[in-house]
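From first to last, the protein sequence lines are chains A and B. Per this note's numbering: the first sequence = residues 362 to 1136. Per this note's numbering: the second sequence = residues 219 to 547.
No wet-lab data here; the hints were simulated from the structure. Errors might be hidden in some of the hints.
What the hints assert, rightly or not - Some chain A residues close to chain B (C-beta under 10 Å, calculated; not the full set):
| id | residue |
| --- | --- |
| 1 | 902 |
| 2 | 999 |
| 3 | 1053 |
| 4 | 1120 |
| 5 | 1121 |
Said to hold, decoys possible - Below, a list of computed lysine to aspartate or glutamate pairs in the DMTMM-like style, where the Cα atoms sit at most 20 Å apart:
| id | chain 1 | residue 1 | chain 2 | residue 2 |
| --- | --- | --- | --- | --- |
| 6 | A | 1118 | A | 996 |
| 7 | B | 526 | A | 1117 |
| 8 | B | 260 | A | 638 |
As the structure is a computational prediction, the values presented were derived from the model and not from experiment. We treat Cβ as the ideally placed atom computed from N, Cα and C, and that holds for glycine.
Here's the letter readout for the chains.
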Amino acid sequence: MGSALPPDGFTLLGGRIPYIEGPLKVTGRAEYTDDLQRPGMLVGRLLRSPWAHARIRSIDVSAARSLPGVYAVLTGERYPTPFGVLPITHDETAIAVGKVRYIGDILAAVAAQDEPTAERAIALIRVEVEPLAEHTDPKVGVTPVTDPIHDRGLNGSNVQKEVAQHFGDVDAAFARAAQTVRVRGSFAGVTHAFTEPMATIAEATPDGRLTVWSATQVPHYLHRALSEVLGLPMHRIRVIKPEVGGGFGGKSDPLPHEIACAALALETGRPVKVLFDREDVFLTNHGRHPTQNDLRVAADADGRLLAYDLSAVIDGGAWSSFGTVTTYYNGVLAMGPYRVPNFRYHGRRVYTNRPPSGAMRAHGGTNVRYTVEVALDELAEKVGIDPFELRRRNALPPHSTTVNQFRITSTSFLACLDAVRAASGWDAAFRQLPYGEGIGLGCGFYISGSNSPIHFTPKMPQSTVHLKVDMDGGIAVHSMQADIGQGSNTLLAAIVAEVVGVALERVHVIRVDSDVSPIDLGSYSSRVTFMMGNAARRAAEDLRTRLVRGASELLGYPPEQIRVGRERFEVAHRPDVSVTYLEALHRAMERTGALTAAGAYSSPPMGGSFKGARAGTAPAYSFAAYVARVRVDAETGEYRVGKMWAAFDCGRPLNRLAVEGQIEGSIHMGLGQLMGETLNYRGARLMNPSLLDYKIPMPAQMPEVECLLVGEDDPEGPFGAKEAGEGPLVATLPAVANALYDAVGVRFTDLPITPEKVVKGIELRQREGRPWKGE
Amino acid sequence: MHLDPFELHRPSSLEEALRLATAHAGGFDYLAGGTDLLPNYKMHLNLRPHLIALDAVAELRGRGLERLGAMERLADLERDTELARAYPGFADALAEVATPLVRASGTLGGNLLVETRCFFFNQSHFWRESLGYCLKAEGDRCHVVPQKERCYATFSGDLAPVLMALDAEAELAGPGGRRRVPLGAIYDAAGDGIRRHRLGPGEIVVAVHLPAAARARASAYLKLRVRPSFDFPELGAAAAAELDGGRVRSLAVAVGGLETYPRRFDELTAPLVGEHLSDDRLRAFSEAVMRAVRPVHNTFLAPDYRRKMTRVYVRRAVEKVRERSGAAA
């Protein structure tokens, strides 16, 4: 627990601020999409493909259409315009056109009076297909194949994106290296498993407008996709984001069912709701990419890094989604928190006939971070130095530039290392615990907001915040930033309250509604605190200026002598001379009525000029150093993480409660991918599309977590803050893996690390005659 | 996902329940806690138009050291300290079933007769249709062991192995009368695996009876699963023994979660009676149990790992019994 009062004269920021919507959520009063009702609302249902890859010969919807209670049946050709979250890879359609590409692909959409009728209609649709070759191995898909999944694959292969980058001279670095290590990391696909299944309601009204309520992280990108596919100008579409029960990246693409739902609404003239069950969510996926990484590391005799040589094959599933970004990230996010003078990367993302992969918390950074940190643990052992010492020797200094021209500003990485080393009792434990017990270090680095907005034209700020205050003194805050449970509404309100000097309860964050909310690009790439935070601060300062002017007129002192108190404005050198907030407000309103104010944020230009140089550039980066303690049952391979010490540099934490929640949640999610979560495929078929068979860790598996927030103020972050939403995840996995190595002497490079792999690893080591820690 | 409509009957006596069963023969399921049946119904697995709820039948309730009513809720059994003292292995198993929420509804009889499970069976209608269904529901072939004769779905109850090791008997009532059989006899070891039990049409498990000898035994149950709650067993190992200064007076070992039915290994334990239960003997015995079981690839963990762990879990379960008996190795 932190201290009760925030530091540095703040009243809110830096303290522990409970979520403003908390009381509504815990009493069941918060409104999620499925809670909303519209008069005459129909049930929308989707027919999904039972084929992994097939050409559609015919779809006969006549029987479904003539079923009483059915209002519309749509197939792909009605709205065939392709879309996708990235403008350069529009390869999805709302409903399949010509082909289906995975088991679960949408073949048709039905709107009916109720659920049973909709399901009967779905069952009446007759589809004839010509099966095509199924592609499920991305390593095969890099070569030309029969029946490629998309015609945009490179040279008749299934390669969606290929990245080749080389900075410095990697071969020369390896030629002079005293030490090299190689790690081949294999990562099964995992998915977000957020609490709230996707849900969308759409309603077309006789005034020619379309309103869409949807569980989305990116209302603005949904708004664009709806406009493009449905052929309606954006101003005729209104996108509303109700409460969202988690996203983790899984709701950061505009999704086919959202557009299909809107299409059904246009077709029927009635409101239509599409609500997913858990299997729908699994089939929609967009989770973390199954990945094969091959990393070679070169270092000098003292463990100073000379080069990384990395190649990757990434399983994209059926669509592009964020895949072009993923392919870059899986390389360039290896570029911190260490100085790597030479770097070569060859990454290929390959389409397969499986549910699409996409962005998932610590997108593109998790698997490569694991590969790097396990390699560095191995390198430290080879060099014969402590893993902490190895990291210290290689840490990127503040205000430096990486070889691929990332601009590093603030970093408290060394402070993270020192704090976690001391707190975890590392020096008395590393390699000194009995066989079966272990301690391990893993570090991290992540972008604090993507410097590149996804759409470059027209050029506009990445975040805008509007404020409106009327005579009642309540401050309405408008912004399209998407709170999906991470606490951004609370932060938005707190920043405004802090700057204007009013009680938090005066600030009302208005539900995202494209008719009134100025654009913020949404909740992805850990951008919200940094970008929205800066925009909110500027808007609040703008408002404060007007209020100070009102106070100045009442008090007879010039504005520069007025300072903000608590719900008051005081003369700086005479605090006894003051007016209340409301008095100042009412004076300021005399000429204009309700006050409005605006603030915006655009990130500064940065990055190199080579192809792909923008990928991974961010206005700031977070840093992390985690230590895990594990205990392994060497006979069964079962293991338990007892404690995690999490040192994290998010600059100045603005809401400690939220930051600690993000760290704890990240550790839980990271442990899931490490210990047992896996999208288990047999061929193209997902075997475990349920929360019983998809093994999210239980509360009983959570370790004790000790958060150590050691960042210093970032020069550009709002009040010095950086991100804390994704960076806290990446260090989790390698910390545990390296602790497992310390416990049983086995390097695990195939995730998830199930008990059977632990047993096999120990048996292999024993067969090779390598005893460990007096076993 | 919604439940298709069904007609719910709620008899207040055993006779009435059996009458309803006869009236709706072939078209009903008994409904106990519903924690297994209703999720399966949502997946449209072997739906029946009638459900006969048993929660109002007083004769199916009641718990004591000798008799446990089949409709006793797992949470109530778990809270019964007298039971836990008498049958520590039963208490082990109760605490390992699913989650506290499921145990609040789930019943003893329901757990004994829990539907067998398989990756190819416990799936939505869409999923199963896309594969052409399976032998256990709507189809004519098995996808685990490709053939058309036998289903390999896995028995997934936690309570049967330990109750079998304690020589429990099942009290049954059916339209044809009452009978009492060893608990293991309700499972169909020789069948096609599609039906999970050998109860007659309409027959109900009324209660489980535990003989006096069971109270002279120490017992233990260990469960292998991926997560320490929620998950069905990937392997459950139960042991019960009466030891006389380390010498075996009686010993029974049963496993679940490995095959279509829970299984007791009397032919392997019999030679140990009268012997000192040494570590070496125990290792050899556990090895023999491992060799006897044939898990297939239809649960989360791979079958060879589950087999290997059978050796470890059986050994540890017996060791725990030995510990609880206060006997030395």
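Results for each hint:
1. Given hint, residue 902 (chain A) at the interface with chain B, is violated; its Cβ is 49 Å from that chain's nearest Cβ, farther than 10 Å.
2. A hinted interface residue such as residue 999 (chain A) counts as satisfied when its beta carbon comes closer than 10 Å to some beta carbon of chain B; here the least separation is about 8 Å, so the hint holds.
3. At about 7 Å, the closest approach between the beta carbon of residue 1053 (chain A) and any beta carbon in chain B falls short of 10 Å, and the interface hint on this residue holds.
4. The criterion of a C-beta within 10 Å of any C-beta in chain B is met by residue 1120 (chain A), whose closest approach is roughly 7 Å, and the hint holds.
5. For residue 1121 (chain A), the shortest C-beta to C-beta distance to chain B is roughly 9 Å, which falls under 10 Å, so the interface hint holds.
6. Distance check on the hinted pair: residue 1118 (chain A) and residue 996 (chain A) sit about 12 Å apart at the alpha-carbon level, within 20 Å; holds.
7. Annotation: proposed proximity of residue 526 (chain B) to residue 1117 (chain A) holds, straight-line Cα distance about 10 Å (limit 20 Å).
8. Using a Cα cut-off of 20 Å, the hinted pair residue 260 (chain B) and residue 638 (chain A) holds, with the two alpha carbons roughly 11 Å apart.
Hint check: a violation occurs at hint 1 only; the rest are consistent with the structure.
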